[in-house]
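S.K.: Sequence:
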Amino acid sequence: MPDELVPLPAGFDRAVEFPIVRRWTFLNHAAVAPISARAAATIAQFAGEARDDAYLSGRWYERLEAVRRRAADFIHAAPEEIAFVKNTSEGLAFVANGLSWRRGDQIISTAVEYPSNVYPWMDIAARQGVQHIMLPEENGRIASAAIRAALTDRTRLVALSHVEYASGFRHDLAELGAACRQRGVLLCVDAIQSLGAVPVDVQSMFIDFLSADGHKWLLGPEGAGIFYCRRELLTTLRPEVGWMNVVNATDFDHYDFTLRPDAKRFECGSHNVPGLLALGASLELLEQVGQPVIQQRLRGLTDRLGHGLEQKGYRLFSSRAAGEDSGILSFSSPRHDHGKLLAALRARKIIIALRAGRLRASPHFYNTAEDIDRLLEALPNN
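0 is the number of the first residue of the sequence shown in numbering that gives the first Met the number 0; add one for each residue after it.
Heads up, a few of these hints could be off.
Keeping only pairs whose Cα atoms sit at most 20 Å apart, straight-line, the calculated SDA-like set for lysine to any residue is [claimed, not checked]:
1) Lys-311 - Val-292
2) Lys-311 - Glu-376
3) Lys-311 - Gln-290
4) Lys-339 - Ala-368
5) Lys-311 - Leu-353
6) Lys-85 - Pro-114
7) Lys-348 - Leu-315
8) Lys-85 - Asp-372
9) Lys-348 - Glu-376
10) Lys-311 - Asp-261
11) Lys-85 - Ala-39
12) Lys-348 - Ala-368
13) Lys-339 - Ala-352
14) Lys-339 - Thr-367
15) Lys-348 - Val-31
16) Lys-348 - Ala-14
17) Lys-311 - Gly-289
18) Lys-348 - Thr-367
19) Lys-85 - Val-272
20) Lys-85 - Met-243
21) Lys-339 - Asn-27
22) Lys-85 - Ala-65
23) Lys-311 - Ser-332
24) Lys-85 - Tyr-60
25) Lys-348 - Asp-336
26) Lys-311 - Ala-368
27) Lys-85 - Pro-33
28) Lys-85 - Glu-221
29) Lys-348 - Ala-65
30) Lys-85 - Asn-244
31) Lys-348 - Leu-375
32) Lys-311 - Pro-379
33) Lys-339 - Asn-380
34) Lys-348 - Val-20
35) Lys-311 - Pro-333
Just the calculated beta-carbon pair ranges, DEER-fashion [what the hints assert, rightly or not]:
36) Val-15 - Thr-234: 39 to 49 Å
37) Met-133 - Gly-10: 43 to 53 Å
38) Thr-235 - Ala-377: 43 to 53 Å
39) Val-5 - Thr-235: 51 to 61 Å
40) Arg-347 - Thr-257: 52 to 62 Å
Because the hints were derived from the structure by calculation, they are not lab data.
Don't be surprised by glycine CBs; every beta carbon is placed ideally from N, CA and C.
The whole structure should be built from the sequences, with the hints applied where relevant.
M.R.: This is how it looks when you write it as structure tokens:
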């Protein structure tokens with residue numbers, strides 16, 4: 000088996016931070032992850048405050064600004080470039096519906112994106128006469144060279160998932176982002192399968208727009224995520240307009256239709272306050288563990304799993320090349336029914352997923368070598 004895992008910080012008790020480990024071997028963080036204990040406590044605190052004092056004692060929106068700053072630091076952005084969103088789709092829709100498209104513009108994407116990063120571009124292509132080009136996957140990879148080769152003088156936007164949901168393939172965004180920036184092409188990133196699992200730096204990766212909900216690798220609740228818009232592009236997107244994204248939002252008696260100059264211009268109405276506060280608590284946990292530790296542990300866990308699967312005769316689909324791996328490992332059985340395997344594992348309290356006709360395991364940093372071995376022992380030989 001591969002070497003021992005990088006240790007977790009001293010004093011970290013996974014059963015305290017993630018009580019789910021007492022009941023399940025949960026290896027499906029690429030779907031809907033368990034929230035951290037501190038995120039759950041934050042929601043409970045909000046509920047108590049709302050019950051006992053309504054909005055009078057919680058200072059909720061002041062606390063939300065601390066979450067905004069923490070989210071900005073997490074991706075190396077400025078707080079003024081961060082908007083809160085309900086989900087990844089909302090942020091991507093800001094870009095699709097907010098840009099002023101020209102007939103003949105091109106959008107470059109891939110043919111293996113999650114639907115949230117497909118349908119907005121299909122919609123714009125149908126309504127605006129934009130060409131939506133979806134590049135094929137080859138053996139679990141989409142080579143950066145293929146994406147660069149697809150860029151033309153008409154390419155307006157490249158829309159990619161940082162990590163592809165079914166294969167776990169991780170794009171080299173720094174290389175692609177640099178190529179896009181040089182050619183004046185915008186880069187829009189669906190980061191829901193990377194934030195919290197692998198480091199994201201919007202500056203060094205030349206990312207223009209990024210969207211991610213918090214319910215996967217960020218270990219927060221559904222319905223609470225972030226949208227990043229590069230400062231220079233804030234006024235290039237037409238936002239949905241409501242009461243809250245204007246400069247004098249709390250001056251209810253005087254109408255001034257002047258949009259905010261920062262990313263709050265995309266926040267048109269009241270927030271999912273408990274969800275966002277909980278997301279902030281999980282971000283705090285991830286910061287304390289450290290992104291390098293998280294990434295190294297995920298590499299160790301997926302290496303251990305991949306090695307064991309190959310010994311048992313399973314076929315690995317996910318790239319294991321340095322820089323292309325993630326927290327997702329996709330594999331298949333040449334002789335067993337995948338649906339029956341999934342059901343048998345669940346009966347043993349082991350949770351993975353089935354995506355694109357393959358089995359998909361996605362451990363997180365708090366999982367252990369014993370968790371991986373439990374999955375391997377439960378899988379039949381081929």
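S.K.: Hint by hint, say whether it matches the structure.
M.R.: Verification of the supplied hints:
1. Lys-311 - Val-292: Cα-Cα ~29 Å, so violated.
2. Lys-311 - Glu-376: Satisfied, since the Cα-Cα distance of roughly 10 Å is no more than 20 Å.
3. Lys-311 - Gln-290: This hinted pair is violated, its Cα atoms lying about 32 Å apart.
4. Lys-339 - Ala-368: violated (25 Å)
5. Lys-311 - Leu-353: Roughly 19 Å separates the two Cα atoms, so the pair holds.
6. Lys-85 - Pro-114: Between Lys-85 and Pro-114 the Cα gap is close to 17 Å, so the pair holds against 20 Å.
7. Lys-348 - Leu-315: violated (23 Å)
8. Lys-85 - Asp-372: violated (36 Å)
9. Lys-348 - Glu-376: Within the cut-off at roughly 13 Å; holds.
10. Lys-311 - Asp-261: Violated, at about 53 Å.
11. Lys-85 - Ala-39: Roughly 18 Å between the alpha carbons, so the hint for Lys-85 and Ala-39 holds.
12. Lys-348 - Ala-368: holds (16 Å)
13. Lys-339 - Ala-352: holds (12 Å)
14. Lys-339 - Thr-367: Between Lys-339 and Thr-367 the Cα gap is close to 25 Å, so the pair fails against 20 Å, i.e. violated.
15. Lys-348 - Val-31: holds (16 Å)
16. Lys-348 - Ala-14: Holds, at roughly 16 Å.
17. Lys-311 - Gly-289: It is violated: about 33 Å lies between the C-alpha atoms, which goes past 20 Å.
18. Lys-348 - Thr-367: holds (15 Å)
19. Lys-85 - Val-272: Distance ~11 Å between Lys-85 and Val-272 Cα, so the pair holds.
20. Lys-85 - Met-243: holds (15 Å)
21. Lys-339 - Asn-27: It holds: about 17 Å lies between the C-alpha atoms, which stays within 20 Å.
22. Lys-85 - Ala-65: holds (18 Å)
23. Lys-311 - Ser-332: holds (10 Å)
24. Lys-85 - Tyr-60: holds (16 Å)
25. Lys-348 - Asp-336: Holds, at roughly 19 Å.
26. Lys-311 - Ala-368: holds (17 Å)
27. Lys-85 - Pro-33: holds (18 Å)
28. Lys-85 - Glu-221: Within the cut-off at roughly 8 Å; holds.
29. Lys-348 - Ala-65: Roughly 37 Å separates the two Cα atoms, so the pair is violated.
30. Lys-85 - Asn-244: This hinted pair holds, its Cα atoms lying about 15 Å apart.
31. Lys-348 - Leu-375: holds (13 Å)
32. Lys-311 - Pro-379: holds (8 Å)
33. Lys-339 - Asn-380: holds (14 Å)
34. Lys-348 - Val-20: holds (10 Å)
35. Lys-311 - Pro-333: holds (11 Å)
36. Val-15 - Thr-234: 39 to 49 Å: holds (46 Å)
37. Met-133 - Gly-10: 43 to 53 Å: Distance hint for Met-133, Gly-10 holds at roughly 47 Å.
38. Thr-235 - Ala-377: 43 to 53 Å: For Thr-235 and Ala-377 the Cβ distance comes to about 51 Å; the hint holds.
39. Val-5 - Thr-235: 51 to 61 Å: Once the Cβ atoms are compared, 42 Å apart, the range 51 to 61 Å for Thr-235 and Val-5 is violated.
40. Arg-347 - Thr-257: 52 to 62 Å: holds (59 Å)
This entry does not satisfy hints 1, 3, 4, 7, 8, 10, 14, 17, 29 and 39, going by the numbered hints stated previously.
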